[in-house]
Amino acid sequence: MHDHLLSLLIWLPIAAGIVVLLLGDRNIVAGRWFALAASLVTLALCVPLVHGFSSHTAAMQFVEKAAWIPRFHAEYGLGVDGISMPLVVLTAFMTVPVIIAGWQVITQRPAQYFAAFLIMEGLMNGVFSATDALLFYFFWEAMLIPMFLIIGIWGGPRRVYATIKFFLYTFLGSVFMLAALIYMYLKAGSYSIAAFQALPLTLIEQRWIFAAFLLAFAVKVPMWPVHTWLPDAHVEAPTGGSVILAAIMLKMGGYGFLRFSLPIVPDACRELDGLMITLSLIAIVYIGFVALVQQDMKKLIAYSSIAHMGIVTLGAFLVYAIVASSGTTLDAGMGLDGAMVQMVSHGLISGALFLCVGVLYDRMHSRQIADYGGVVNTMPIFAGFMVLFALANTGLPGTSGFVGEFLVILASFKASFWYSALAALTLILAAGYTLWLVKRVVFGPVANDHVAKLTDLNGREFLILGVLAVAVLLLGVWPEPLLKVMEPSIQHLVAQAAATKIPV
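So the sequence shown is numbered by my numbering: it starts at 744 and just counts up by one.
Check each hint, because a few of them may be wrong.
Taking CB as the label site, the calculated pair distances span [to be verified]:
id	residue 1	residue 2	range
1	D1105	V1213	19 to 25 Å
2	A954	Y819	28 to 34 Å
3	W754	G932	25 to 31 Å
4	L911	A1113	31 to 37 Å
5	A1238	W1161	25 to 31 Å
In silico DSBU-like links for lysine-lysine, alpha-carbon gap of 35 Å or less [claimed, not checked]:
id	residue 1	residue 2
6	K1042	K1196
7	K808	K930
8	K908	K1042
9	K1182	K1042
10	K808	K1227
11	K1196	K1182
12	K1182	K908
The hints are simulated quantities; they were obtained by calculation from the structure and are not laboratory data.
All residues carry an ideal CB built from backbone N, CA and C; glycine is no exception.
Turn these sequences into a full structure, and let the hints steer you where they fit.
Right under this line is the structure:
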């Protein structure tokens, strides 16, 4: 099974999604259980993936290769390393609560809803597993279709506007990436990502390729100023769509920088690291202030996601600034470690917060902060979970939110005091907007009759939030297994990024 484990992680949920579609709404009880079983089996397949993964090498593991489009030298190439494997596991892990969360809530076309998430899970695993650039691009673009449908069919009143904006931003950015991939294919004679990384590109070539990658990955993160599609998409998306959008899809931008930009065009990254660090710090500080004034819970968490993803891009591009300031490769690796941990942590925390908002919305059909107050009086168990995830969002020590931010801030101090000072503002701003949200929604006297009638978590909701709470706390107090898995790949990436590739 190990020989085709990654293929199973990709195609099993896609096949299951097709089966759910065929069962249709008339057999939705069987469809729901089949969707849940498929998501659990996919998650179970991550056990041999993690168990069989060696943390002593940076080489691709569980490698699969087969002819795909011989005429263009494109292969069906799969493999994972310490950077991609944790994201595959995160994708499988977060799909399960999304299926459970929509169990009774989705009444309109439920079969298509569950099928869309299963198909999207397989496509997202394909993005993280592809070792062929054309195959990567195929999964990267195909993944937009189910998310487009999820927002467009099950979204809010302005869902059409949100879907068009989401699709245009993400698709147009990716077109430039395709042009860069084709250019490198013409030089390398292959679409292999490893072959791209070995190309001796001139600085001018690297600058153009870097710009093409930046347009694709910055939109997906999203970085300031191409972030405006995200709040609209989150507000209009159903709860499950918001969870996957925040927990997994945003991570693809960060993954793209680590897989493509840093190793393929290191000299352009070195030359433009100041730009990337500046854009990241603007996202951290400016978007943090924007989050403070939001009146919609989903929009507040969406802006919070943009600010926290700024930590990811900051950590990724600190490598050159640290080396330039006489820092060690260990110091440079610390920033990348922090970026990776932050991606995993943010996936858990943001997903949990959107699920909390979904719990409230299912009961009151409102996301406006002003409509709530005193929820702890009627939903004490829910309030406990929401406070925990809110504190994790602020970077509280002992939660996963602390680990990634601490590593990036510490690494930024090695490069510049001012970088670290501005990066540390994320802790203050996150505490401001998150705790203010909790104060207005959870605490205080019961605000109105609607809040007074709220009922606490049912067993299904308790299970979802409980599992996520355990994951957030476990990663917060014991991040070593994740750091150990990533270490060889991170150090190899640092070496690749620091190596000069400009032809003499």
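Practice prompt. State the violated hints by number, sorted upward, taking the hints as numbered earlier in the document.
Written response: Of the numbered hints, all hold.
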